[in-house]
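Protein chains in written order, with this note's numbering: chain V, 1 to 423; chain S, 1 to 212.
Accuracy of the hints is not assured; some may be wrong.
Claimed, not checked - List of simulated lysine-lysine pairs, DSSO-like, C-alpha gap at most 30 Å:
#: 1; chain 1: V; residue 1: Lys-394; chain 2: S; residue 2: Lys-28
#: 2; chain 1: V; residue 1: Lys-413; chain 2: S; residue 2: Lys-56
#: 3; chain 1: V; residue 1: Lys-409; chain 2: S; residue 2: Lys-56
#: 4; chain 1: V; residue 1: Lys-347; chain 2: S; residue 2: Lys-28
#: 5; chain 1: S; residue 1: Lys-59; chain 2: V; residue 2: Lys-408
#: 6; chain 1: S; residue 1: Lys-59; chain 2: V; residue 2: Lys-413
#: 7; chain 1: V; residue 1: Lys-408; chain 2: S; residue 2: Lys-56
#: 8; chain 1: V; residue 1: Lys-86; chain 2: S; residue 2: Lys-56
#: 9; chain 1: V; residue 1: Lys-409; chain 2: S; residue 2: Lys-59
What the hints assert, rightly or not - Where chain S lies over chain V, by a calculated footprint (3+ residues, C-beta under 8 Å):
#: 10; region: 387-398
#: 11; region: 411-421
Since the hints were made in silico from the structure, they are not lab data.
All C-beta atoms in this analysis are idealised placements derived from N, C-alpha and C, irrespective of residue type, glycine included.
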Amino acid sequence: MNALANLADQFIQWAFAVNPAVWPYTWIVQFLFILAAGAAAMGFVAAFAGPVTWVERRVAGRIQSRVGPNRVGPQGILQWLADGMKCYLKEDLIPEGADSILFRMAPYFVFAGMFGTYAVLPFGAHLVATELNVGLLYLLAITSLVVVGLLMAGWSSNSKWALFGGVRSAAQLISYEIPSAFSLMAVILVTGTMSMQGIVLAQGGWPWEWFIFKNPFLFATFFLYFTAAIAEGNRTPFDLPEAESELVAGYNIEYSGMRFLFFFFAEWANLWIMSAIATVCFLGGWQIPGVSPEYIANATGWTWVGLQALTFVIIAAKASTLVFLVIQLRWTLPRLRIDQLMITCWKYLVPLSFAMLVGVLLLMVFVPDGSILDWIMRILMTLVGAAIALTYLKRIRYTYMVDRDNYKKMSGKELWFPPYRLP
Amino acid sequence: MNDMTEAKMICATDGNCPVRNYFTNIRKAVVSIFEGLTVTSSWFFRRPATIQYPDKIEKPVQEMLPENYRGILEVDVARCSGCALCSKTCPIGALAVNVEKNAETGEREILQFDIDIGKCMYCGLCSEACKFDAIRHTPDFEAVSCSASDLVLHFVKEPVPVAKPKTAPPRRPLGTILATVVPGCYDRVRWPGMPETPEAAKSDAPAEKETS
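So that you can see chain V by itself, here it is in the shape it has in the complex (with noise of 0.2 Å):
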């Protein structure tokens, strides 16, 4: 029995004071439930996949050495409305000769492939729909639904263009799975589960515990899966089946108004969907630094509240930071060509992630868990992660620093404008 079904259970004990096993209306009150869940879900896609179209705009903006939206609202927080707003109220378009069945259903199964991840995907300590014990396999099975899709958009468009970008697409989104799924199946192996709960449960708060600086193999397997995870989620550089200098626009051109706008929702929502899925398995999920899973389930009232929320604002944290960067990819690396796009899914990324499995395999043999080794390696692991990331904000700032006095003397301004400062 899943936890929703469970605090339906405890409602219908509280609400009615009846045993909820033997009372016949048991099964409507559970439905509603899973509505308010379904909808509490839908509440949060709508909430990030709006404004986060905005922030990547800000971001590009930015990259670009422009402003981006701010007209809109304060800052322009409020473009995503606008946008959708305006998709709204477009004409509905259907070309002429197109398999109008089909290419109405299209936007749908993305969608849908896309928002049946929501189920499981956890949102803090006890937030989430259902306890699937197969969780990591169902997240990869519902995404293939978005393959076929996109596939649907692309055959009934009747336009080559559309396609091409459909078929271009099915056989990225198949490809990229490979890799993807061996890096999660690293995490099984370790783990020795598939449920999302589980998985965040067999790690820890701060970082040496997490699985990512577990080993040298599974550092890489979260780069790995995260390269994979971005091509399954057409974001530049593997936005080929959209590619607009290629394509026109890909599968989706001959779509218009809402119809057009719900592939991209799809697209921005698959932003978190990626992100929480790598923070789950290997970023610690929503496990709160110092404090353990058992306290946090056997905490009452308020305690349980706070805790509840607590873990939220860390699992949120760490995937919009992922988001972040996934944003930022977008706007540093060009378009790969479509054989580049194929020989980094099947010569680099299928071997590697297979060569990473047999590797965190072999420690899984000689390094058990909890041995002095293991906790040497993970230290040793988080210190190069601390290190890298020294190095990264190292660069950034020396790559500041070069332009900043040129850019003095030609221009008459100071080059500092930091992020908070909003143009």
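Since the structure of chain V is already known, use the hints to place chain S on it.
Positioned in the frame of chain V, the structure of chain S alone reads:
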């Protein structure tokens, strides 16, 4: 010959080892993505180049323009000798100058001096032809209006006697005449230091930054 030695031979003969290339590619990818991210990160701390015209700017764009910027034309009819050289040189015929002799006083009068800024291509030939500095380009470029007829600027409201070059008054500050002529000029976006009304612009006009 086993595989190892074969691989070594490939490496030794043409210096193009596939195994080494493979790992070099991985290293290059990692390093270039890392360096690329640091470069784009550093732009979060740099000043954006965007000038947020028209409202979020430190000073009006008109003041940032170079001195010889060719904006909307203006005519100081008090200095105009009525030679109509400007309208003759105008390649498009954007200027309409009408000078006639007044039958009562016997003086020549400018009856009409219209500039159609919808036609004007801002070439500057008219202001070059003018020997008395009467017609000049202002730095104002905001010529948007709701109707096309508003684009025709009438600089003469009632007949003005032509100026004698020696007794002509000094040139009024650039842009002050235009402000009285352009309809709705003062309904536009305001900037600090801009006179409150067209009348104020006429009276306390700042001293001209004359260079020539």
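Verification of the supplied hints:
no. : hint                    : verdict
1   : V:Lys-394 with S:Lys-28 : 20 Å, holds
2   : V:Lys-413 with S:Lys-56 : 17 Å, holds
3   : V:Lys-409 with S:Lys-56 : 24 Å, holds
4   : V:Lys-347 with S:Lys-28 : 15 Å, holds
5   : S:Lys-59 with V:Lys-408 : 20 Å, holds
6   : S:Lys-59 with V:Lys-413 : 15 Å, holds
7   : V:Lys-408 with S:Lys-56 : 22 Å, holds
8   : V:Lys-86 with S:Lys-56  : 26 Å, holds
9   : V:Lys-409 with S:Lys-59 : 21 Å, holds
10  : 387-398                 : holds (count 5)
11  : 411-421                 : holds (count 7)
Of the hints listed earlier, there is not a single one the structure fails to meet.
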